[in-house]
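Enquirer: Each chain, letter by letter, is given below.
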Amino acid sequence: MKAIIIYCSKTGNTRKVANAIQSGLGGRADVIRLDLNNDGLLRQFCPDFKFDLADYELIFFGGWTMVMKMHPFLTAYIQRCENIKGKKVAGFATGGAIFSKQHAVDDFTALVESRGARVLDFHYVTTLLGPLLTERKLVQAKQFAQGIVKRYKEGKIYNL
Amino acid sequence: MDGLIPTFRRRERIPPIEHEQMLNSPSTVMPPPVRVILPLQDTPEDPYEIFVAVGDPVKTGQEIGTIGKGDSALSVHATVSGEVVEVGEMFHPLVQHVASVKIESDGRDEHVAPVNYKDSGISDPFAFLRKMGVPMGFQRIHAIKTFFVNITEFEFCFNSRERLILERGERVVEGLRLLAAPTGAKAVFLVEKRQKNVYEVLKSFCSVTSNVDVRLVSKPYPDTLRELIRQKVITDQENGVQSPVHQTMVINPDLLVAIHDAYYHGQPFINEFLSIVGSAVRTPQNVWIRTGTLLSDVIRYAGGNIENTRRVTIGGALMGRPQFSLEVPVIRKARGIYAAIALTFQEERKSRFYRRGPCVRCGKCVDVCPAGLVPNELADLVEHRCFEEAKNQGLFSCLECGLCYYVCPSIVPLVELIKLGKLKLKGRNSLLVFNSYRTHSY
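The listed protein sequences correspond, in order, to chains F and C.
Taking my numbering as reference, the numbering of the first sequence is continuous, increasing by one, and the terminal residue is 160.
Taking my numbering as reference, the numbering of the second sequence is continuous, increasing by one, and the terminal residue is 442.
By construction, these hints were calculated from the structure, which means they are not laboratory data.
The beta-carbon is built from N, C-alpha and C at its ideal position, and this holds for glycine as well.
Check each hint, because a few of them may be wrong.
Claimed, not checked - Distance windows between CB atoms, simulated:
1) ASP106/F / ARG282/C: 52 to 62 Å
2) ARG28/F / PRO114/C: 40 to 50 Å
3) GLU167/C / GLY147/F: 50 to 60 Å
4) LEU216/C / GLN102/F: 38 to 48 Å
5) GLU327/C / GLU82/F: 19 to 29 Å
6) GLY86/F / ASP109/C: 19 to 29 Å
7) ASP106/F / ILE411/C: 48 to 58 Å
8) SER114/F / ASP367/C: 52 to 62 Å
As the list claims (entries may be wrong) - Restricting the straight-line Cα-Cα distance to at most 27 Å, the calculated cross-link-like pairs of lysine-lysine (DSSO-like) are:
9) LYS2/F / LYS150/F
10) LYS364/C / LYS85/F
11) LYS350/C / LYS50/F
12) LYS88/F / LYS50/F
13) LYS137/F / LYS85/F
14) LYS59/C / LYS145/C
15) LYS102/C / LYS69/F
16) LYS85/F / LYS2/F
17) LYS10/F / LYS350/C
18) LYS150/F / LYS16/F
19) LYS219/C / LYS16/F
20) LYS426/C / LYS391/C
21) LYS10/F / LYS364/C
22) LYS391/C / LYS419/C
23) LYS101/F / LYS88/F
24) LYS101/F / LYS142/F
25) LYS101/F / LYS350/C
26) LYS219/C / LYS364/C
27) LYS10/F / LYS156/F
28) LYS153/F / LYS69/F
29) LYS219/C / LYS118/C
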């Protein structure tokens, strides 16, 4: 199984969560950080960066919630990338408050399903700009990834 | 919302991460490309001459045509050896279609025999330089009393000028001496305060020459300063006025290297020194390339992935011209290439802090404007179609540097509005007149 993690992070919390998820996948995943500026330009060369997801079976999208929605960088990427149809997608998000969770889930699900992919699961981490991102939450994120892989191998598909 | 203080989008002039590494690593030489496109015009209205036809074999450095006709002609040379495969209208990075020559390389890169100035038998050194294809303002060069050599980097993603001074400082100073000697002109190097290593190198070279001076300036000068001077000369000639500005000229150090090479080694101007930067290339670097190389070849050489490249500009992020195709050639006078991977955001998904808002009169654009204008007022006047008033407020003094748009917290498209004002006032030609990459002499 080939997996890819695509995330955007500003203060570094989502990066920590993405790293935890990568370790949950056993380190066998490509990672793309959408390090964009406000005009939508990628800041640094990223060798793995591509818009084509044909090679991957499992895709993790991650971002931080902005105004109760997934961040525009991530949504722009999801709308732009190719060969996402029929893929299995998992999402994770960080945010200040737990109230944003359902909004983020709804937004993410609508976005991914409009591209013809299926959402397996969604993981939300309350960070409050850092102080609430404890070690335990990172472990939970790791377990989330392990659970996805387990379910994927057993052929069970979890519905939201 | 994008930050701790969610009031304004904050922007600072921070050089990109690779800037320091680029400056300290040596430049590379790109091997001759498979094919080149050599434009014979700067604008579709220019006269031109062509000396080759389809199927002709050419050698590197062979004269294939001229931009302009008669005394003001500027030669164009083949930059690879091979065969002429196409003659006609082709893509140009600035204006859509101009007459060009397409040459396919045979891979041998045979040069024509070089002829330096002493052996050439041409008495006028400037006629010789014109024959060698060095793009300069030849028409008024005899009246020049002060040459300004602009070493400052306005585009903060590039540093090819600094690198050039560090690598070929001798040739730059010698080229300047050759340029200034026939008319007895003075020459001044403009160096920014933070470019300390460049200042020391230039000082050591210039201490032996009397007419050359090095000045420290606090802020970088944009390339379009040259065009501003040229525009003033043109408008003053219409009005019959003379001013000291007419006796000055701004030139770039890469041209001085070209002058040196042409004078002593008989090399025509076929090599260009460029910076290639941006997130679409693996190794941002300063590189010598042949004029007319296609953008796709340059990006591939720098380790870029053509599939992912979404935004390419000739020139920097601030003043560069966005390109519609990667099959356009690199023209003479181009400073660098900025290639980036870009994503387009959906308008309704943008936060309102990313959208255009009303002018809040913060005055940031006034602070940064290098021409001392009030860009928000000008844009306002243009938006309300008061073009004459905008002209009285100095619309044509705008350098189109893009700093006002860059710092604007409300994301008002100030430069675009000012460009529009110029366009409306002078007709479609005005943008072409204000073309800092123009190679034809004036």
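Enquirer: Tell me if the straight-line CA distance from LYS150/F to LYS16/F falls inside 27 Å.
Expert: holds (22 Å)
Enquirer: Would the hint linking LYS88/F and LYS50/F be met if the CA-CA limit is 27 Å?
Expert: holds (18 Å)
Enquirer: Taking only the CA atoms, is the gap from LYS153/F to LYS69/F under or equal to 27 Å?
Expert: Not satisfied, since the Cα-Cα distance of roughly 31 Å exceeds 27 Å.
Enquirer: Given the hint of 52 to 62 Å, is the C-beta distance from SER114/F to ASP367/C inside that range or not?
Expert: Between SER114/F and ASP367/C, where Cβ atoms are some 44 Å apart, the hint is violated.
Enquirer: If you draw a straight line from the CA of LYS391/C to the CA of LYS419/C, is it 27 Å or shorter?
Expert: The hint holds at about 12 Å.
Enquirer: Is it true that GLU167/C and GLY147/F lie within 50 to 60 Å of each other by Cβ?
Expert: holds (57 Å)
Enquirer: Assess, step by step, whether the Cα of LYS364/C is no farther than 27 Å from the Cα of LYS85/F, and give holds or violated.
Expert: violated (46 Å)
Enquirer: Mind checking the hinted window 52 to 62 Å against the Cβ distance between ASP106/F and ARG282/C?
Expert: Roughly 39 Å apart at Cβ, these two residues miss the hinted range, so it is violated.
Enquirer: Is the straight-line distance between the alpha-carbon of LYS219/C and that of LYS16/F 27 Å or less?
Expert: violated (40 Å)
Enquirer: Range hint 38 to 48 Å: satisfied by the CB atoms of LEU216/C and GLN102/F?
Expert: violated (60 Å)
Enquirer: Between the alpha carbons of LYS219/C and LYS364/C, is the straight-line distance 27 Å or under?
Expert: Given pair LYS219/C, LYS364/C holds - Cα atoms ~16 Å apart, limit 27 Å.
Enquirer: When you check the alpha-carbon spacing of LYS101/F and LYS88/F, does it fall within 27 Å?
Expert: Holds. LYS101/F to LYS88/F sits at ~21 Å (cutoff 27 Å).
Hint violations for this structure: numbers 1, 2, 4, 6, 7, 8, 10, 13, 14, 15, 19, 27, 28 and 29, all remaining hints satisfied.
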